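Q: Read off the chains here:
Protein chains: 2
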Amino acid sequence: MSKMTIGIFGGGQLGRMMAQAALPLNIQCTFFEASTDCPSAVLGQVISSQEENGLEKFMQSADVFSLEFENTPLTDVDQLVQSKKIYPPRQALAIAQNRLLEKSLFDELDIPVAPYRAVDSLESLQQAVSDLGLPIVLKTATGGYDGKGQFVLKNKAQIDEAWVELGAAKSLIAESFVQFNREVSIIAVRGQNGEVRTWDLAENHHHHGILSHSIVPAPNSLHLQPIAEDYITRLLNHLDYVGVLTLELFVTEQGMFANEMAPRVHNSGHWSIEGAVCSQFENHIRAVAGLPLGSTKTIRPTVMVNIISQHPKTALILALDSAHLHLYDKSEREGRKLGHITLMPNSSDELTALCRKLAVILPEPLALDAAMQIRF
Amino acid sequence: MSKMTIGIFGGGQLGRMMAQAALPLNIQCTFFEASTDCPSAVLGQVISSQEENGLEKFMQSADVFSLEFENTPLTDVDQLVQSKKIYPPRQALAIAQNRLLEKSLFDELDIPVAPYRAVDSLESLQQAVSDLGLPIVLKTATGGYDGKGQFVLKNKAQIDEAWVELGAAKSLIAESFVQFNREVSIIAVRGQNGEVRTWDLAENHHHHGILSHSIVPAPNSLHLQPIAEDYITRLLNHLDYVGVLTLELFVTEQGMFANEMAPRVHNSGHWSIEGAVCSQFENHIRAVAGLPLGSTKTIRPTVMVNIISQHPKTALILALDSAHLHLYDKSEREGRKLGHITLMPNSSDELTALCRKLAVILPEPLALDAAMQIRF
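Chains as they are written, first to last, in full-length UniProt numbering: chain A, 1 to 376; chain B, 1 to 376.
In short, the hints are calculated from the structure, not lab data. None of the values given here were measured: they were computed from a predicted structure. Possibly wrong hints are sitting among the right ones.
Since copy identity is lost for identical chains, a pair holds within one copy or between any two.
To be verified - For lysine to any residue, the following SDA-like pairs were computed, each having C-alpha atoms within a straight-line distance of at most 25 Å:
id : residue 1 : residue 2
1  : Lys154    : Leu318
2  : Lys3      : Val42
3  : Lys3      : Gln45
4  : Lys313    : Gly194
5  : Lys3      : Gln28
6  : Lys3      : Thr314
7  : Lys337    : Ile210
8  : Lys57     : Pro73
9  : Lys148    : Glu229
10 : Lys3      : Ala315
11 : Lys297    : Asp321
12 : Lys156    : Val196
13 : Lys297    : Phe376
This is chain A alone, in the form it adopts within the complex (with noise of 0.2 Å):
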């Protein structure tokens, strides 16, 4: 039985997770990814992008390629396609890499989004304020991540201390700022011959910009299930995109506003591997490796907490009931995702009272606290 070979672009967290997926499936993985000794490298060849000829040598090494990092240089998907596939397509990828893009197939695909204007100098910035109100966010169009190339501009006192601090960008983005009541994503996969199947919607909780955890289904949200597939279907066939594809939406009082979209699988969709019948990741490799989808449907209700930071004693999470345990063997460092781990409780107060031990084992709880009531 001949075996085949997936190359994916960085080797982190969710190479390790697509890997998994596809060991049973008889794939094997190849990674890309600058340091050899990464998440991914205990399933699969790791391709250092710091060798000589390494995207090279990563071209070879594999029958078709995909990505978990989206910030995947171009440059090196361009040299690829000319003589292999990738998916998700490169076109894809790009949009989702400049956030002006972005909004505008959004627009484009009349999928709502907060008002926004494109800013390339202080005058169209002075604009924007105008046109907007305030507050707004000054992004940059491309790079940054977890609030880094970003500026609150609350008054236009800000004005010039906001273009000073990202005017070099040259391509910025005015957001208007939007007072959502809660952030949920919808997560979906499109395969080679252009079916096409969702999951259910996330809850998403954050801290201080570090996603907390994921509540599944998002309570509450049935009205809001057919809407949030309508808009990602709409970017699957448009992109003609392979592979799973993630769309964070803001729920406000005026319905909901698409934030950004993720070329990948993503971080909202780990409850999947116990929660659904079939996981994003699995799911993933189907699409790639062309293979036919599995069913997406909730097995039950799932809470996927993040360990974020440091790592908590694993036998104090063995013990909880029904607690799953996924570390990612990484090093401790601030702010960094080491692991998660899943929760299928039977009620909201067997879910509370899990999350409220949690808050207490976890030495980084971010939002889980010891008094808190979560319901489904």
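Fit chain B to the given chain A structure using the hints.
A: Below, chain B without anything else, positioned relative to chain A:
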């Protein structure tokens, strides 16, 4: 975070699935196996048992030891236990490797077995036939599997022939032929603190001595579950066992008879990867690592179908709703276990339909056929 290493005697698909379960817990495995090109090799270092000082190297490779191969030589284990710990304990392995010791333990613990006699001469064989009546099955006390090392004696004229064929083994067992309705297996895990958890009974269907498929929970077996749990708990506690133990039982008109035990994870427990909250593989790893045990609850009724001799087309399997495919990365050979498929149907009718489809898709469908009818 220091990474624990578990050294596993054997490197087949059971070791592969153990290592898959260990990976998210940041536990790595090493393997001791004749060929370094084995199903487990993709997940950890394989130390060849053919290599000079192989056992020494293997002993140095891990913190704690276990096994996936029940015919692990006791002499190897004896050398190991001088400096390292192995779970399950040596005693459990020694008993499981000898049918006479095994039956005598079942007797000691009041676990019903079919009438049997020890045979070590032609005279004692004649006496056994006289005591037990015919037919009987004559087996070597040690070695032999999948019908090898066995002789079914139907009439007295065969006594000499049976003795000629098997007498050289010196130590034999003559067992009454059990008229059983079906075979079930109970799998349980015991932690280092003595905690015992059991999975639901599996109903096992064979074809020419090879497991074809297992249905869990075993249909119409709620009344048998507590009895089987009692039997296996007696074994676990008596042996001060740590890890997963399997007990095969015949269901007869006179109740259940123990057939044999396997001191390891078992083919009839592969369903638990998707079908139970915590699989036999993860719980075995947890027990060996001294971690708390996970819930053994069944998530939903599950059927596990073995892939034997030849690979089916992957795309045909994955197109079946709810099907999970587990390939072991083995080359095709008559009678060889190459992988398994897990089905989690919504109803007996859906299960019947899925199994009928599999009967057509699988090159070697074993006991599945296109007219079969399965009931939970």
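Q: Against each hint, give a clear statement of whether it holds in the structure.
A: Verification of the hints:
Taking identical chains as interchangeable, the C-alpha atoms of Lys154 and Leu318 are never at most 25 Å apart, the minima being 45 Å within one chain and 53 Å between chains. For the homomeric pair Lys3 and Val42, the shortest alpha-carbon distances inside one copy (18 Å) and between copies (13 Å) are both at most 25 Å. In this assembly of identical chains, Lys3 and Gln45 lie within 25 Å of each other by CA distance both inside one copy and across copies; the values are 15 Å within and 20 Å between. Only between protomers do Lys313 and Gly194 lie at most 25 Å apart by alpha-carbon distance; the minimum there is 21 Å, versus 44 Å within a single protomer.
Taking identical chains as interchangeable, the C-alpha atoms of Lys3 and Gln28 lie at most 25 Å apart whether they share a chain (7 Å) or sit on different chains (24 Å). When the C-alpha separation of Lys3 and Thr314 is checked against a cutoff of 25 Å, the pair qualifies only between copies, where the shortest distance is 11 Å, while the shortest distance within a copy is 35 Å. In this homomeric assembly, Lys337 and Ile210 come within 25 Å of each other (Cα to Cα) only inside a single copy, at 9 Å, whereas the closest approach across copies is 45 Å. Taking the shortest Cα distances, Lys57 and Pro73 sit within 25 Å of each other inside one copy (16 Å), while across copies they are farther apart (44 Å).
In this assembly of identical chains, Lys148 and Glu229 lie within 25 Å of each other by CA distance neither inside one copy nor across copies; the values are 30 Å within and 57 Å between. For a Cα distance limit of 25 Å, the shortest separation of Lys3 from Ala315 across copies, 14 Å, qualifies, whereas the shortest one inside one copy, 37 Å, does not. Proximity of Lys297 to Asp321 under the C-alpha cut-off of 25 Å is found in both arrangements, the shortest distances being 23 Å within a copy and 11 Å between copies. Proximity of Lys156 to Val196 under the C-alpha cut-off of 25 Å is found in neither arrangement, the shortest distances being 46 Å within a copy and 67 Å between copies.
Within a single copy, Lys297 and Phe376 get their C-alpha atoms as close as 17 Å, and across copies as close as 22 Å, so both meet the 25 Å cut-off.
Of the numbered hints listed earlier, those contradicted by the structure are 1, 9, 12.
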